[in-house]
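Count along the sequence shown from 1, then add 190; that gives the number in my numbering.
One or more of the hints may lead you astray.
What the hints assert, rightly or not - Okay, the calculated beta carbon distance ranges per label pair:
{"id": "1", "residue 1": "Arg377", "residue 2": "Val330", "range": "28 to 36 angstroms"}
{"id": "2", "residue 1": "Leu223", "residue 2": "Lys311", "range": "41 to 49 angstroms"}
{"id": "3", "residue 1": "Asn228", "residue 2": "Leu298", "range": "31 to 39 angstroms"}
{"id": "4", "residue 1": "Leu302", "residue 2": "Glu340", "range": "27 to 35 angstroms"}
{"id": "5", "residue 1": "Gly416", "residue 2": "Trp238", "range": "21 to 29 angstroms"}
{"id": "6", "residue 1": "Tyr248", "residue 2": "Phe285", "range": "37 to 45 angstroms"}
{"id": "7", "residue 1": "Ala438", "residue 2": "Pro277", "range": "44 to 52 angstroms"}
{"id": "8", "residue 1": "Val386", "residue 2": "Glu437", "range": "15 to 23 angstroms"}
{"id": "9", "residue 1": "Phe275", "residue 2": "Glu246", "range": "38 to 46 angstroms"}
{"id": "10", "residue 1": "Asp247", "residue 2": "Arg377", "range": "17 to 25 angstroms"}
{"id": "11", "residue 1": "Met269", "residue 2": "Ala314", "range": "29 to 37 angstroms"}
{"id": "12", "residue 1": "Arg349", "residue 2": "Lys311", "range": "40 to 48 angstroms"}
{"id": "13", "residue 1": "Asp247", "residue 2": "Met269", "range": "33 to 41 angstroms"}
{"id": "14", "residue 1": "Gln435", "residue 2": "Leu223", "range": "45 to 53 angstroms"}
It should be emphasised that the hints constitute simulated quantities derived from the structure, not laboratory data.
Where a beta carbon is used, it is the ideal one built from N, C-alpha and C, also for glycine.
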Amino acid sequence: RERAVRDPGGEATRCYKRGWDRQGRRQQQEMTLFHFGNCFALTFIPPWIVYKSKLEDYSTVPMGVQAAFIYAATQVLQMILTATFVPSSSAETPFDISQELMKAFITLADCLGLHYMFQQKRTAHGAAFIGLTWASAESVLHRMVPLWLEATSMQFSWRHTVISIEANIGIVTHVCFALLVWMYLRRPQLRSNIAVVIVAQRFIVPVVTSYLRHSAMSEWPFVAVGAEVGMALVLLLITRGLLAQLEATR
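Construct the entire structure; sequences and hints are all you get.
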């Protein structure tokens with residue numbers, strides 16, 4: 191008789207707990223999808239806004255497709271060179287300045303891809319569109335899969351927000367780098383100044399960022415992101431100044 195009295199209450203309690211667990215899991219799934227949607231929008235909507243507001247009248251679909259394929263080809267080349275010449279870092283020393291400099295030197299292969307794109311006559315807006323296409327292709331190739339696989343998991347991490355912020359930083363750096371290469375090829379009188387900026391952007395920025403991310407401020411990823419934002423703004427100001435000099439020398 192006691193068992194008959196206790197069982198209904200126990201069964202009701204278990205049902206209540208199962209219902210509460212299902213509701214909690216449903217809420218977690220909704221939150222993870224909301225987090226994924228925010229990160230996805232922060233990554234891919236800004237390039238579209240820049241394109242529609244500034245560069246739509248100076249671009250064509252074939253040029254964008256060609257720029258995306260050239261970017262993918264340069265990334266494959268860089269992956270091969272990195273796997274061949276750069277040794278893997280150990281867990282004890284995640285930051286090795288010699289390896290970072292070798293990786294930075296390999297990224298100069300981007301100049302080859304942009305040189306190929308600029309063999310045809312391009313305007314400054316066309317060069318900026320190619321840089322924007324490279325930034326978008328970088329987000330698709332390097333960020334879409336991590337966001338889809340990790341941002342939808344139950345465990346929250348600020349890493350996905352950092353990835354989305356870095357995608358917006360990439361818009362500035364890729365557009366500025368494309369404009370710098372374009373100016374280097376079009377204006378010989380500015381080549382010495384532009385070469386200094388390109389070397390600084392390709393060597394100093396990644397080394398400092400990697401040092402902050404893996405050594406000095408490994409527990410505070412937003413410090414490295416803040417440094418990237420600051421250096422991207424400096425690069426933007428320098429590029430605008432060089433463009434003004436180019437317009438003045440015409």
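Next on the checklist: A range of 38 to 46 angstroms was offered for this pair. Does it hold for the Cβ distance of Phe275 and Glu246?
Outcome noted: Distance hint for Phe275, Glu246 holds at roughly 41 angstroms.
Next on the checklist: A range of 17 to 25 angstroms was offered for this pair. Does it hold for the Cβ distance of Asp247 and Arg377?
Outcome noted: 24 angstroms, holds
Next on the checklist: Assuming the hint says 28 to 36 angstroms, is it satisfied by the Cβ distance from Arg377 to Val330 or not?
Outcome noted: 32 angstroms, holds
Next on the checklist: Quick check on a hinted range of 44 to 52 angstroms for Ala438 and Pro277, using CB atoms only.
Outcome noted: Taking Cβ atoms as reference, Ala438 and Pro277 lie about 47 angstroms apart, which means the hint holds.
Checklist entry - Does the Cβ distance between Arg349 and Lys311 fall inside 40 to 48 angstroms? => result 42 angstroms, holds
Item to check | Asn228 paired with Leu298, Cβ distance criterion 31 to 39 angstroms | outcome: 35 angstroms, holds
Checklist entry - Is it true that the C-beta distance of Leu302 to Glu340 lies inside 27 to 35 angstroms, as the hint says? => result With a Cβ separation near 33 angstroms, Leu302 and Glu340 satisfy 27 to 35 angstroms, so the hint holds.
Next on the checklist: Quick check: does the Cβ-Cβ distance between Gly416 and Trp238 fall within 21 to 29 angstroms?
Outcome noted: This hint holds: roughly 25 angstroms between Cβ atoms.
Item to check | Supplied distance hint 29 to 37 angstroms, evaluated on CB atoms of Met269 and Ala314 | outcome: 31 angstroms, holds
Checklist entry - Could one say that the CB atoms of Gln435 and Leu223 fall in the range 45 to 53 angstroms? => result 49 angstroms, holds
Checklist entry - In this structure, is the beta-carbon distance linking Asp247 and Met269 contained in 33 to 41 angstroms? => result 35 angstroms, holds
Checklist entry - Do Leu223 and Lys311 keep their Cβ atoms within the hinted range of 41 to 49 angstroms? => result For Leu223 and Lys311 the Cβ distance comes to about 46 angstroms; the hint holds.
Checked against the numbered hints above, the structure breaks none of them.
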